[in-house]
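The opening residue of the sequence shown carries number 1 in full-length UniProt numbering; numbering runs sequentially from there.
Just so you know, these hints were derived from the structure itself, not from any lab.
The reader is advised that the hints may include incorrect statements.
[To be verified] Think about it this way: if two alpha-carbon atoms lie no more than 35 Å apart in a straight line, the pair counts; the simulated DSBU-like pairs of lysine-lysine are:
{"no.": "1", "residue 1": "K13", "residue 2": "K156"}
{"no.": "2", "residue 1": "K294", "residue 2": "K178"}
{"no.": "3", "residue 1": "K186", "residue 2": "K241"}
{"no.": "4", "residue 1": "K241", "residue 2": "K156"}
{"no.": "5", "residue 1": "K241", "residue 2": "K178"}
{"no.": "6", "residue 1": "K178", "residue 2": "K190"}
{"no.": "7", "residue 1": "K241", "residue 2": "K190"}
{"no.": "8", "residue 1": "K294", "residue 2": "K241"}
{"no.": "9", "residue 1": "K294", "residue 2": "K186"}
{"no.": "10", "residue 1": "K156", "residue 2": "K19"}
{"no.": "11", "residue 1": "K190", "residue 2": "K294"}
In this text, all values refer to a predicted model and were calculated from it rather than measured experimentally.
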Amino acid sequence: MISLHVGVYDIYKDDGGMKMLFLTRIPRTIALLLTGAAMSISGLVMQTLTQNKMVEPTTTGTIEWASLGLLLVSVIFPAPTITMKIIACIVFSFVGTMIFFVLLSRIRLKSSMLVPIIGMMMSAVISAFVNFLALEFQASQIVSNWFVGSFSGIQKGRYEYLFLIIIMTFLIYLYANKLAVASLGKDIAKTLGVNYNRVVLIGTAFISLTVGIVAAVIGNLPFLDLIVPNLISLIRGDHLKENLPYVALAGMATITLCDILSRILIAPFEVPVSLILGTVGCIVFMMILLRERKRGTHGA
1 MISLHVGVYD IYKDDGGMKM LFLTRIPRTI ALLLTGAAMS ISGLVMQTLT
51 QNKMVEPTTT GTIEWASLGL LLVSVIFPAP TITMKIIACI VFSFVGTMIF
101 FVLLSRIRLK SSMLVPIIGM MMSAVISAFV NFLALEFQAS QIVSNWFVGS
151 FSGIQKGRYE YLFLIIIMTF LIYLYANKLA VASLGKDIAK TLGVNYNRVV
201 LIGTAFISLT VGIVAAVIGN LPFLDLIVPN LISLIRGDHL KENLPYVALA
251 GMATITLCDI LSRILIAPFE VPVSLILGTV GCIVFMMILL RERKRGTHGA
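The task is simple: from the sequences and hints, build the whole structure.
Here it is, written out as structure tokens:
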């Protein structure tokens, strides 16, 4: 309700206020709720599969791979449709996430902190390649606009693709127990009758579909999928299926609050919601790193 009533227009007094309500305010609020749930759940799934609290699409290069797909489809097709952008983001997100999982399976890690470091190294390489291509094809503005994740452009006719997230959330809930078993490792999963490779592949597809849809419609939303699963895990433990509803609701609340702040701080203008998420996410990420380091020190 607060989100619906925050903005330049007074929906009750200004001319066209009610039209603005149905054209932008309601679509924007629905997009906030769906995006918050989707990104938070995708972060939870990725953390479950890797058994690492510092892993999510922002720290594994998935977002950068999605930006590569978006850039390429924009270069090949001068005026790509939103459907074409979504497909490109999904495909490249899937490829990038699978490469990350393959790297993890082939590298012996002595510390959990090395996992996000590997992801960030890979994301830096992909980001540099994206910037090179953007400069080469004079498409820097496309990348710059995409990395400034914002809901200001959401209106009727643009956000409807996000409803696919509801289907993805339902499928993840049904598949949650197998994802949890796969997180125990390949040998244990095989002992329990679960095809590890297939589960990881399906889990990666869930993450890629979710991230791809959000990336194409909204843009880059850093650290949301890191903050929420970790906070819920601290409160409720690490049970994937039981935590899914709480993670979804907390994700909705977090991004809606950040978006309301983005509209209030310098009203009547807006701060990109990605700026607020990035600031809060960096702080939480540092706290998690320090906590993991402390736990590792005590363990040693």
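Could you tell me which of the hints above the structure violates, numbers in ascending order?
-> Going through the list in order, the structure violates no hint and respects every one.
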